[in-house]
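K.L.:
If you want the building blocks of each chain, they are given just below.
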Amino acid sequence: MRFFEKYASLIPVLLIYAILFAIGISFPGMWQPVAFIMFYITLGQAFNIFLGLTGYVDFGYVAFLALGAYGMAIAVDNLGGANLGYGIILIGLLLAILMASILSVAVGAVALRLRGAYFAIATIGVNEGFRYFVEGARLWGGSEGIIISGDMRNIFGRETANFISTFVSDILVFIIAILAAIVTILIMNRRMGYALMAVREDEDAAKVMGINVTKYKVMAFITSASFAGLIGASAWTLKMTYVFPSDVFLITYTVEAIVIVMLGGAGTLMGPIVGGLIYGILKYYLSITLPGFQLLVLAPLLIVIVVAFPDGVVGALRRRLTGNVKKYLR
Amino acid sequence: MELLRLENVTKRFGGLVAVNKVSFTVEKGEAIGIVGPNGSGKTTLYNLINGVYFPDEGRIYFEGQDITELPTHARAPLGMARTFQIPRPFGGATTRENVAVGAMFGHAKASVDEALEIADEYLKLVGIYDKGDVEAARLTPLEKKLMEVARALAMKPKLLLLDEVMAGMNPSDIDQLIELLKRVKEEEDISIVSMVEHLMHAITKFAERVIVMHQGEKLLEGPTMEVLNHPKVVEIYLGKKVV
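Here the protein sequences come in this chain order: A and B. Residues in the first sequence are numbered from 1 upward in steps of one, following the working numbering. Residues in the second sequence are numbered from 1001 upward in steps of one, following the working numbering.
Bound-form chain A, shown alone:
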């Protein structure tokens, strides 16, 4: 019973994923928009593990997606002749996690000793700095990036390569979203979740309670960065079959991730999913109906929502719920 109560909130999450998947599979032309929305949901979930659970804002977050994207590209580009089949995608994903988490350890060990706003300022430089480093030092192809469409055709053949970029990459995003939800609820239910709650609410008091705040912040940071790496590897490299530094080190994605998390409800399980749904649907359809104006319409809309629900949609909803229903919405 206790177990069910702790994990009941996963049910509506998985239900939403299942519905999105069913819509994408059953209606012609719907797979593309569903994948587009799922990307934002998953991005929000990954970022929520850090931003939502610790209350710290990382303006350099997209650098982890970018490194993940490079991890996959490097694996495919260098091991293309090794005859590994689908194994190469697995190696690419592992390399993505490795590269993103190494950067997160480096950034986190230094910057996470800073408080709130100072941390945010310190991280702004990470993304831009890394991008100019890659371009300037001609690392990983420099500004020409890495193109893997040829490698993919050589490894898998034309049809399968096409299938991977149009379907498998999106399925991977679904799987990452499910994993991120499970990891989020696991953290929330454990000591780590309580420690991060204390950090978010009052870091000095948390220390007095015996919480090693730096340790838990770094743990959340690495976890969140690893998921970012997986997203970059799947939703960008495998889908687009190329990586250009100017496309992946794009601060827009960081801002979008912040908006999704705040909109839905930071630190909640359902928040980034609701935020991702609202943001993804709005952006997709506004870019069709009002091409070029989507950001102009989105900005005031987001301001209204953030003013009306400072805790996000899910945070506001949770306040109104009591008793038995509450355990399904976290």
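Derived from the structure by calculation, the hints contain no laboratory data. Don't take every hint at face value.
Said to hold, decoys possible - Derived DMTMM-like pairs (lysine to aspartate or glutamate); straight-line CA-CA distance at most 20 Å:
1) Lys1124/B - Glu1186/B
2) Lys327/A - Glu1117/B
3) Lys1156/B - Glu1027/B
4) Lys327/A - Glu5/A
5) Lys1185/B - Asp1173/B
6) Lys1232/B - Glu1197/B
7) Lys1205/B - Glu1186/B
8) Lys327/A - Asp1133/B
9) Lys6/A - Asp1113/B
10) Lys6/A - Asp1133/B
11) Lys1021/B - Glu1007/B
12) Lys326/A - Asp1113/B
13) Lys1205/B - Glu1030/B
14) Lys6/A - Glu1114/B
15) Lys6/A - Glu1135/B
16) Lys326/A - Glu1135/B
17) Lys215/A - Glu1069/B
18) Lys1131/B - Glu1117/B
19) Lys1232/B - Glu1217/B
20) Lys326/A - Asp1133/B
21) Lys1131/B - Glu1121/B
22) Lys6/A - Glu1117/B
23) Lys1156/B - Glu1186/B
24) Lys1021/B - Glu1221/B
25) Lys6/A - Asp1120/B
26) Lys1182/B - Glu1164/B
27) Lys1021/B - Glu1069/B
28) Lys327/A - Glu1135/B
29) Lys1028/B - Glu1063/B
30) Lys1185/B - Glu1121/B
31) Lys1109/B - Glu1121/B
32) Lys326/A - Asp1130/B
33) Lys1021/B - Glu1057/B
34) Lys327/A - Asp1113/B
Dock chain B against chain A, hints included.
P.N.:
What follows is chain B alone, placed relative to chain A:
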């Protein structure tokens, strides 16, 4: 047996000497009162014991171990707990979760499930069990203070530092809290150091020994009634007799 020892502890903020060469010991199971007017260095003293600041001079020992430069978070697991002058609840979490955090990361080192049970136990003890599911930010000032006491006790400390916990309470609440603290002190063998500015009445009922702080220095130390009636103490609180 000795639990806490301060040796010539000094803390300066720029030119201001907030705590000046203070030494004292706390024995196991003892109830001590620290009294002193506003600005006498009481809270700084707590922050030094707690590791929020490190002293410029002097050493601090806890159960014989030198903890002078031990980080704050490493002190709670050794068996130290405190409350704050202005309560600092984790406002977004429920009262029960607040107390459970104490049990998880303090000396009790409980698992999540154990901690939630311990939390209920201490919420009942301080009498705010019915507020367990309420967001801590919504508690009344009195309830917040009681929540902090419950949170500190749930840590199963050997040393409990109370910072003006009784200030602003009405006399019957104070009496209840003192009874509760006395009982817990006996049952769980905790040393309690309670700091007050003005509530002499409360300290006489509670403390076995009193330390008087004045302008960053330890002015006097000794049995409660003897110290509080000392002419020097009367002087710093009420001023000298003119006639």
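K.L.:
Run every hint past the structure and note whether it holds.
P.N.:
Evaluation of the provided hints:
no.: 1; hint: Lys1124/B - Glu1186/B; result: 18 Å, holds
no.: 2; hint: Lys327/A - Glu1117/B; result: 19 Å, holds
no.: 3; hint: Lys1156/B - Glu1027/B; result: 17 Å, holds
no.: 4; hint: Lys327/A - Glu5/A; result: 6 Å, holds
no.: 5; hint: Lys1185/B - Asp1173/B; result: 18 Å, holds
no.: 6; hint: Lys1232/B - Glu1197/B; result: 16 Å, holds
no.: 7; hint: Lys1205/B - Glu1186/B; result: 15 Å, holds
no.: 8; hint: Lys327/A - Asp1133/B; result: 13 Å, holds
no.: 9; hint: Lys6/A - Asp1113/B; result: 11 Å, holds
no.: 10; hint: Lys6/A - Asp1133/B; result: 16 Å, holds
no.: 11; hint: Lys1021/B - Glu1007/B; result: 8 Å, holds
no.: 12; hint: Lys326/A - Asp1113/B; result: 19 Å, holds
no.: 13; hint: Lys1205/B - Glu1030/B; result: 14 Å, holds
no.: 14; hint: Lys6/A - Glu1114/B; result: 15 Å, holds
no.: 15; hint: Lys6/A - Glu1135/B; result: 19 Å, holds
no.: 16; hint: Lys326/A - Glu1135/B; result: 14 Å, holds
no.: 17; hint: Lys215/A - Glu1069/B; result: 19 Å, holds
no.: 18; hint: Lys1131/B - Glu1117/B; result: 15 Å, holds
no.: 19; hint: Lys1232/B - Glu1217/B; result: 13 Å, holds
no.: 20; hint: Lys326/A - Asp1133/B; result: 12 Å, holds
no.: 21; hint: Lys1131/B - Glu1121/B; result: 13 Å, holds
no.: 22; hint: Lys6/A - Glu1117/B; result: 15 Å, holds
no.: 23; hint: Lys1156/B - Glu1186/B; result: 13 Å, holds
no.: 24; hint: Lys1021/B - Glu1221/B; result: 14 Å, holds
no.: 25; hint: Lys6/A - Asp1120/B; result: 18 Å, holds
no.: 26; hint: Lys1182/B - Glu1164/B; result: 17 Å, holds
no.: 27; hint: Lys1021/B - Glu1069/B; result: 17 Å, holds
no.: 28; hint: Lys327/A - Glu1135/B; result: 16 Å, holds
no.: 29; hint: Lys1028/B - Glu1063/B; result: 9 Å, holds
no.: 30; hint: Lys1185/B - Glu1121/B; result: 16 Å, holds
no.: 31; hint: Lys1109/B - Glu1121/B; result: 16 Å, holds
no.: 32; hint: Lys326/A - Asp1130/B; result: 18 Å, holds
no.: 33; hint: Lys1021/B - Glu1057/B; result: 8 Å, holds
no.: 34; hint: Lys327/A - Asp1113/B; result: 16 Å, holds
The structure agrees with every numbered hint stated previously.
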